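Q: So the chains spell out like this:
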Amino acid sequence: MTKNTTRARRAIALALATSLSFAGMMQGAQAALIGTEQVAAAQQQASTSEGHARLAATLERADVVAALQERGVSIDAARERVAALTDAEAAQVAAQIDQAPAGADSVLGVIVMIFVVLLITDILGFTKIFPFTRSIR
Amino acid sequence: MIARRALCAAAVGTLAGGCALMAPPQTAALRAARDAKQAAPVELTAVPFFPQTVNHCGPAALATVLGHLGIGVSPEVLADGVFLPAREGSLQTEMLAGARRHGALAVRLPGRIDALMTEVSAGRPVVVLQNLGLAIYPRWHYAVLIGHDLSADRLILRSGIERRHLVGFTPFEHTWARGGHWAFAVVRPGELPATASEEAAVQAALGFERVAPARDALRAWERLLAQWPASLVAAVGVGNTRHAAGDLPGAAAAFEAAARRHRDAAAWINLGEVALQLGQRERAAAAAREALAIGGPFADKAQALAQRAVR
Numbered sequence: 001m002t003k004n005t006t007r008a009r010r011a012i013a014l015a016l017a018t019s020l021s022f023a024g025m026m027q028g029a030q031a032a033l034i035g036t037e038q039v040a041a042a043q044q045q046a047s048t049s050e051g052h053a054r055l056a057a058t059l060e061r062a063d064v065v066a067a068l069q070e071r072g073v074s075i076d077a078a079r080e081r082v083a084a085l086t087d088a089e090a091a092q093v094a095a096q097i098d099q100a101p102a103g104a105d106s107v108l109g110v111i112v113m114i115f116v117v118l119l120i121t122d123i124l125g126f127t128k129i130f131p132f133t134r135s136i137r
Numbered sequence: 138m139i140a141r142r143a144l145c146a147a148a149v150g151t152l153a154g155g156c157a158l159m160a161p162p163q164t165a166a167l168r169a170a171r172d173a174k175q176a177a178p179v180e181l182t183a184v185p186f187f188p189q190t191v192n193h194c195g196p197a198a199l200a201t202v203l204g205h206l207g208i209g210v211s212p213e214v215l216a217d218g219v220f221l222p223a224r225e226g227s228l229q230t231e232m233l234a235g236a237r238r239h240g241a242l243a244v245r246l247p248g249r250i251d252a253l254m255t256e257v258s259a260g261r262p263v264v265v266l267q268n269l270g271l272a273i274y275p276r277w278h279y280a281v282l283i284g285h286d287l288s289a290d291r292l293i294l295r296s297g298i299e300r301r302h303l304v305g306f307t308p309f310e311h312t313w314a315r316g317g318h319w320a321f322a323v324v325r326p327g328e329l330p331a332t333a334s335e336e337a338a339v340q341a342a343l344g345f346e347r348v349a350p351a352r353d354a355l356r357a358w359e360r361l362l363a364q365w366p367a368s369l370v371a372a373v374g375v376g377n378t379r380h381a382a383g384d385l386p387g388a389a390a391a392f393e394a395a396a397r398r399h400r401d402a403a404a405w406i407n408l409g410e411v412a413l414q415l416g417q418r419e420r421a422a423a424a425a426r427e428a429l430a431i432g433g434p435f436a437d438k439a440q441a442l443a444q445r446a447v448r
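Chains as they are written, first to last, in this note's numbering: chain A, 1 to 137; chain B, 138 to 448.
I should point out that these hints are in silico values taken from the structure, not numbers from a laboratory.
Careful, some of the hints might be misleading.
[Claimed, not checked] On the chain B side, residues computed to face chain A include the following (Cβ under 8 Å): (1) V348; (2) H380; (3) G383; (4) D437.
[Stated by the list, open to error] Quick partial rundown of chain B residues pointing at chain A, CB under 10 Å, derived from the structure: (5) A342; (6) P350; (7) V370; (8) A394; (9) R398; (10) A403; (11) N407; (12) E427; (13) A430; (14) P434; (15) F435; (16) R445.
These numbers were taken from a predicted model, which means no experiment stands behind them.
Glycine included, every Cβ here is placed at the ideal spot set by N, Cα and C.
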């Protein structure tokens with residue numbers, strides 16, 4: 001191998017390596033930005049899994065449990081129903097509870113009413129308060 | 138075909154007749170609280186008309202509203218992207234995507250007749266989905282609302298092969314309610330329908346950003362951010378589209394504003410990435426530290442950014 005071809009080869013290899021690493025850098029830089037859709041999805045997840053958590057916490061409250069049982073609603077059925085909601089739906093139900101007027105008695109009443117509607121009357125098709133319940137009629 | 142149409146007409150007629158004494162909720166509310174401004178009758182006569190060929194109501198309705206924006210595209214061309222032969226119709230999502238592919242933002246509208254009326258009064262025709270059949274035997278139909286006259290109890294639609302289809306509020310509300318109160322308007326990037334919710338506008342802009350040139354998508358996000366300054370997604374959208382359009386300092390400024398306002402890790406990370414591209418290592422390292430302190434689903438990216446910033 002002559003000195004000249006070695007030099008030529010080196011030059012080609014160097015050029016190739018540079019362009020490759022540059023391309024790699026460019027691509028890395030492009031791919032590294034977090035997309036707008038990813039941010040939207042992350043934001044939704046953060047706000048909505050919170051909805052599930054809050055509904056679950058509500059169902060832990062002794063007064064809610066007692067009030068629901070008094071009306072013949074099983075707590076297990078209520079938990080199952082909450083688990084079946086999508087994140088967005090859970091957030092919607094939680095928001096309805098938030099909108100209830102302050103004052104211990106009325107809030108309890110609203111919570112019980114919401115769960116009773118969610119669990120029973122909507123599903124039986126007597127009411128259509130929650131758009132996502134599927135009536136069995 | 139004709140028999141079917143006649144059957145549907147009969148079905149709608151019976152329903153309307155049966156309900157004549159009891160107006161559906163929205164119609165009743167509109168009649169009770171007549172807003173003088175809204176009640177002023179309107180007809181957008183300049184809206185183009187594309188008589189529908191068999192089952193092509195989706196492409197025809199879309200061509201109608203796009204044509205009104207000055208985007209001339211025929212239903213036949215739209216049908217390739219929007220019409221699903223197997224379903225003999227167009228899916229709602231395909232309709233929205235079809236508008237985006239032709240350079241318009243397709244924004245869902247609230248399911249209220251008064252919102253549709255507001256848009257028409259503002260000069261914006263509205264695509265509505267109707268179920269002209271029954272819930273158990275659906276006959277889906279897209280039409281374009283171009284006028285309203287509450288005192289004369291009529292709405293004016295470009296519908297099927299009728300240039301001026303007149304329908305009373307009550308039958309319209311019934312068919313529209315059975316279509317899920319679904320409606321949308323198309324706007325140029327940089328505009329928004331007056332009644333659009335923040336969520337609907339964000340969804341429209343997210344879809345638009347996927348297919349539109351960066352400069353157009355940027356205009357859409359800037360408009361959203363102007364209307365909802367507290368929207369993190371819009372702020373990040375401005376940053377990302379500025380970056381895609383090649384405006385690195387502008388992108389950095391947008392990400393920094395979003396990061397500070399929302400304490401958001403993703404905005405800090407994107408600021409750091411852009412700062413690196415600008416050769417501002419210290420700024421990138423500082424952004425990475427902020428993102429790491431917040432944590433969350435992008436913690437890995439924050440870590441990687443921190444390493445590259447000090448390298």
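Q: Of the hints given before, which are not true for this structure?
A: Structure breaks hints 1, 3, 4, 6, 8, 9, 12 and 13.
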